[in-house]
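*Asks:* Add chains B, C and D to chain A, keeping to what the hints say.
Chains as they are written, first to last, in numbering that gives the first Met the number 0: chain A, 0 to 383; chain B, 0 to 383; chain C, 0 to 396; chain D, 0 to 396.
If you're looking for bench data, these hints aren't it; they were derived computationally from the structure.
Do not rely on the hints blindly, as some may be mistaken.
[To be verified] Calculated Cβ distances over 10 Å to all of chain D for the following chain A residues:
1) G62
2) G64
3) G116
4) R117
5) C118
6) R127
7) E132
8) G223
9) T264
10) H266
11) A292
12) E305
13) G306
14) M343
[As the list claims (entries may be wrong)] Pairs of lysine-lysine, DSS-like flavour, derived with a Cα cap of 27 Å:
15) A/K104 - A/K234
16) D/K265 - B/K330
17) B/K327 - C/K235
[Stated by the list, open to error] Partial pick of chain B residues on the chain D-facing surface, computed with a CB cut under 7 Å:
18) C118
19) E132
20) G342
Idealized CB from N, CA, C, for every residue including glycine.
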Amino acid sequence: MNFQLSDEQAMLRDSVARYIKDQYNFDTRKKIISSEKGMSTESWAMFSDLGWLSIPFSEHYGGYGGGNEDIAVIMEELGKGIVVEPFVPTIMLFGGLLSHCGPNKISADLIPKIIEGRCLGAFAYLERQSRFEITDIKTTATHSKKGWCINGSKSVVLNGSNATHIIVAARTSGGQYDSSGISLFMVDADTQGISILPYGMMDGHKAANINFDGVIIPADALLGKLDGGMKFVEKIMPQVLIGLCAEAIGIMAVLNEATIAYTKTRHQFGVPISSFQALQHRMVDTFMAAEQARSMVYRALCAFSEGSLEVENERMRSLHAMKITVAKSSKLIGEEAIQIHGGMGMTDELNIGHYVKRLMTINLMFGDGDYHQRRFNQISYEAA
Amino acid sequence: MNFQLSDEQAMLRDSVARYIKDQYNFDTRKKIISSEKGMSTESWAMFSDLGWLSIPFSEHYGGYGGGNEDIAVIMEELGKGIVVEPFVPTIMLFGGLLSHCGPNKISADLIPKIIEGRCLGAFAYLERQSRFEITDIKTTATHSKKGWCINGSKSVVLNGSNATHIIVAARTSGGQYDSSGISLFMVDADTQGISILPYGMMDGHKAANINFDGVIIPADALLGKLDGGMKFVEKIMPQVLIGLCAEAIGIMAVLNEATIAYTKTRHQFGVPISSFQALQHRMVDTFMAAEQARSMVYRALCAFSEGSLEVENERMRSLHAMKITVAKSSKLIGEEAIQIHGGMGMTDELNIGHYVKRLMTINLMFGDGDYHQRRFNQISYEAA
Amino acid sequence: MDVTFTKEDLAFRDEVREFFATEYDSSVAGSLNLATISDGACYKDAIVKWQKKLHAKGWIAPGWPVEYGGAGWSITQKFIFETERGAAGIPAVIPFGISMVAPVIYTFGNEQQKKKFLPRILSSDDWWCQGYSEPGAGSDLAALTTSADLVDGEYLVNGHKIWTSYAQYADWIFCLVRTSKETRKQQGISFLLINMKTPGISIKPIVTIDGRHHLNEVMFEDVRVPTENLIGEQDKGWTYAKALLAHERTGMAEVADSKRAFSELKERAKYEVNGGRAMIDDPLFQMRMSDVETELMALEYTELRVLAAMAEGGTPGPESSLLKIKGTEITQAIQELQLQLVAYYGGGIPSNVQKDGYGHAFAEEARCGYLFGRAATIYGGSNEVQRNVIAKMVLGV
Amino acid sequence: MDVTFTKEDLAFRDEVREFFATEYDSSVAGSLNLATISDGACYKDAIVKWQKKLHAKGWIAPGWPVEYGGAGWSITQKFIFETERGAAGIPAVIPFGISMVAPVIYTFGNEQQKKKFLPRILSSDDWWCQGYSEPGAGSDLAALTTSADLVDGEYLVNGHKIWTSYAQYADWIFCLVRTSKETRKQQGISFLLINMKTPGISIKPIVTIDGRHHLNEVMFEDVRVPTENLIGEQDKGWTYAKALLAHERTGMAEVADSKRAFSELKERAKYEVNGGRAMIDDPLFQMRMSDVETELMALEYTELRVLAAMAEGGTPGPESSLLKIKGTEITQAIQELQLQLVAYYGGGIPSNVQKDGYGHAFAEEARCGYLFGRAATIYGGSNEVQRNVIAKMVLGV
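Only chain A is shown next, with the shape it has when bound in the complex:
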């Protein structure tokens, strides 16, 4: 039993850490998020050069063939730099779905391009009404003479405005909440009938609302089986959630360290505020919250590792429990970081608020803590 990184993983970690330290400081990030694209194409090219974009993809496509642990290693370090480039939407969502749908013509075409940094992807699944139920989909794909015709509106599509390609989850059968009638389609971002409304998220990432108005795509744009889209979404979910939570623990580490450091320099009533026992005990609680969150990420990694003896139900429990714990720890750590930084923590100028806002956004992605707690309760108690 060990929780140590392999030599390769340690190298990967150091590579990301070094890049962020040398080339992605807070000022650089500020410039990137205030640019029109909201991301740096130079950075993205560098990510490709450094091999990070190849990590989860099979050697078959020219990838590194890495697993959840490797993703977690990268994501934790990206979290420390609150990097806004679209690693999650392009590599983990778009790329993940492509990997699982394939091998097929589309994956053979696009995955190498992703690895080379020439294809940016997005996954359009959310709709205005769907909240955290991914299966709540009203957007339709119907047969047409030329292939498929897509109609509907998608909300908060991560990387939606920069993506060259979009995977759209659309209803091909069943009612509004049916999980079995959803199919995935590959759509070129410049196809006629698509209108994209981009905006910046509070975490500095770019997202978009996308309207599909009679968008015609070829018959072979269907990914995998008809009505079988949710199966692929379920397949990528463990890695996506683990990746996001790993990013979160990177952020928590930064926030806790920064807060402790601040209390040592900030003087009130003639002494550093780190000497106030009430604050000390609260910082102990944030320390423990970060450790517990990290343990949960490790637990999920172990549950989904090859050779794990865990039954499916236990794996899913670990996954939900991870998201719940990360949500709670994030909330505590984020709010205490601001509170203990006092007025300074409230300013847009300091980095603290930006780390907190990224934590808040991660909490929202693919279900907040309460959503996962409901699911956890369901499979833990109701089925019992």
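*Replies:* The following block gives chains B, C and D in isolation, referenced to the frame of chain A:
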């Protein structure tokens, strides 16, 4: 708008406070609870002499004609002495039900005896399976030649072993959970077929499990209307809950004071532990919790006062909210009192644990915090 | 104990409702909503317009002594007014003039100062801001270093104030300044009124984590202030400020506004749906809601108890700190639930997207409310300092 | 990262399961359940009987170095053993001998002491108790005043220990005593082993709020202790005790036992019904359960991380305090839910009523568990002191 006691109420408060200070100290109480009866008949006679037993009863019966506020005044002071005599079961439950069922022969007979201290009462409603649902009643009362025949088992009947008379809630129609098929019956404690198993509760009060095995009682032992028992229970509930919560705020006051005093005398690391900021802030939280609980008791008192403009739903919301808040504050204050007293707080010898155990028992009576929160949610949100 | 309303109280309530319904028209309300709050001039105009209406009615400063323009209301009337204001979704009067500097002026100021300043505060012709905090002196207010030296019969003010709300709109600022260097740091502080148009004053906006401009730094460089602008005695300013602080905290319970915010939350929870079920029907969300609502119901009565005690001649003690702590915690808890309710949409849909109908009607409000709301437990004496205050008073250490 | 089980691990797990199933027979289990715990002799007999079986198997002290009788297990094997023990509802080995005094003896004791004490600890022939706390020195352990003065080649011990668990069963007590009055209070403390049968020792039971007798005061009046019972050097006892403390805390996570308690809770929640609905189906109760269970799932891995780091040669640092804090908080949280589950019946139905079938099968266990469980955050270095420890290590102040 004022929250001050009337002169009469202030006198009543002082009377109870003086009695407890002079004649009901912790050692006296210890002797009382280790006695076989678990109560002091001398104390009870004194309560009668001092007029406390007459407070809620109508002048018509020789009572004082007091209201919820007067009850709250007494109960808060009784709480400060963690008095174990059966004021709640005899005066508020048994007496309350009699008052509301009457005027009739039974109330005209028994209420004066209660006031004189010659009648001790109990209300047998709970059963093994019923948890907090008062309407979950399996005990039956069926017509018999001689009147009614009662069969069933009641659990945790407060004052059950000392009561001369017992009001029994029994099912006269409907299924196990129906609220409309429950009737109340007056039963002499020495009627044939009754077996009583007494025991001490953790709070030092006496309770009993009571078995009714073909107990025959006269036809006129039915209180109020057939199948209408729950109406009376609902009528006494506001006063009962307010009284219990008033007792709780009396206890909270004692615990908080004792804890603060202890921190000033207890030295660790060369200084009084009251100087530790982490403890100070926690004691501020217990102070605030006690104030919030007190405010809720006042709110409920106002909601149920004559002339209140609150609609029924708002009154009930205040009642549930009071029990919820008292439960939460009690838990915090009780646990902190023990924790901050350290090892001493764990001993049976010190009074702290006994105050905490009474708070815990109050929390359980007529629904714990979660039970009331469910009800609160129901009438606040689901009906909305 | 008596909190029932008399006939007169009920008549007063009807009058208040009527006034709000008639006078707080939608054009005013429209300018005050969040979509336009970033337009400062528009925001200020709307506030002033509304406050002038309150003034015309004689209701702008109910808490003042009647002789200076107060309304002479009973506690019950004040409670009714606040409750109705909150229920109508009308913002509270901007506190810096009416509830912060004015009580200091009418309690400790001279006749000339009262005549000069109070009428223009009542009429909202002067917008005031507060110059207390400094970069090195946050919760430790008395550590301030901004100096006012008597030179040629004038005070020469030099220093740096921070976290000054709405200084960008202000005509006047009331400042704590150091007029002598005593050993005890609370001594040697004076209370000075400074015209914001005086040469040497500069303002630097502070953008907060909600992306907006509420706060400022205010710099003083050789700013000349006439001695007639000194309140009371020189070096005694700490006493005046302290009297004000407990007053300020009492007003921080914000029960009426939280009640309004909570009822909005409840309304919204009916229309936010997850998997076909409205959030208001979700047992977990219900519990989160009632956790907050019951705290708020308790705080409403805690506030009434404090107000009633003050009406009996008491002064707000540690209870005022309790109101501040609980009030701000509840405000934040409601903001958290608002944000939780909008889910993804809290992440970042700006108002222009809302207008296009793609977005979410109250997502931006929820996000900015939550983010700027984090300040509530920091300003006005951080909640940590309030806990110290209570500890001192309650524990007697 | 690797936490998967090898074939050998799985074989070991089967062996452990088999051993527990065969050897921990119901007669032992019956004597250990709560109904009889008040019968001290019976309780002690059952414990000793079971521990002797573990000893015979060589599994009584897996954590010891192999040379003294340890099992030489890997971290994974220790984890498996603990997990299976918890799952089987078997109590942990009484720690005072095996995990508390023994590591001090084999690390700092001399050969004679090792030979004399270790075998009888392994065989459970000696029952040990801990003499650390004193009335004036609780969490501030080093403030102890019990003295041991060298007189005629023996230590003459005088003083007063308190909160001593199970002293009523003990053959030996290990004590911290003051052997010289240095200015720094941690100095001048020695680590002394004392036979409980020595004249001058008296025991006074402390009944706790659960109404039971677990704890004691132990008084020493001119108790003569041979110098051969001194561990290591005189006046250096604090160093030895400190090494032990971190060790002790690491064992306080009690994850396996909490998992067992939680699964019992879940089982019981199926049969406790409110208005016809099982509590396990109640959304509020579900949330209370998962709040605790997720914390426990995290703690299980936090503990594994600490153990793995220790196996790599690390020493437990602030993480051991984390395990103690979180472990005890979780234990208490489960106890609270157990108590909540039994509702009214937690109020006080004694076991004799249970037997009559009127009562509630686990009400007394829930009540006493909750009440005595309050001590978990107080003893072993209160959680406040643990937070101070982490603050010091993590903050570096």
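*Asks:* Look at each hint and say if it fits the structure.
*Replies:* Hints, one by one, checked against the model:
1. G62: holds, 21 Å
2. G64: holds, 17 Å
3. G116: holds, 29 Å
4. R117: It holds; A/R117 is separated from chain D by about 33 Å at its closest Cβ, greater than 10 Å.
5. C118: Answer for A/C118: holds, closest chain D Cβ roughly 31 Å.
6. R127: At roughly 27 Å from the nearest Cβ of chain D, A/R127 sits farther out than 10 Å, so the non-interface label holds.
7. E132: The claim holds: A/E132 sits with its nearest Cβ about 18 Å from chain D, beyond 10 Å.
8. G223: The claim stands: A/G223 keeps its Cβ more than 10 Å from every Cβ of chain D (closest is about 30 Å).
9. T264: holds, 12 Å
10. H266: Non-interface label stands for A/H266: nearest chain D Cβ at 14 Å, farther than 10 Å.
11. A292: Its Cβ does come within 10 Å of chain D, the nearest being 7 Å, so this is violated.
12. E305: Given a closest Cβ separation of 8 Å, the condition is violated.
13. G306: Per Cβ check, A/G306 is inside 10 Å of chain D; nearest 4 Å; violated.
14. M343: With a cut-off of 10 Å, A/M343 remains clear of chain D, as the shortest Cβ separation is near 19 Å.
15. A/K104 - A/K234: Roughly 20 Å separates the two Cα atoms, so the pair holds.
16. D/K265 - B/K330: Distance of about 23 Å is within 27 Å: holds.
17. B/K327 - C/K235: Violated, at about 44 Å.
18. C118: violated, 25 Å
19. E132: This interface hint holds because 4 Å falls under the 7 Å limit.
20. G342: holds, 5 Å
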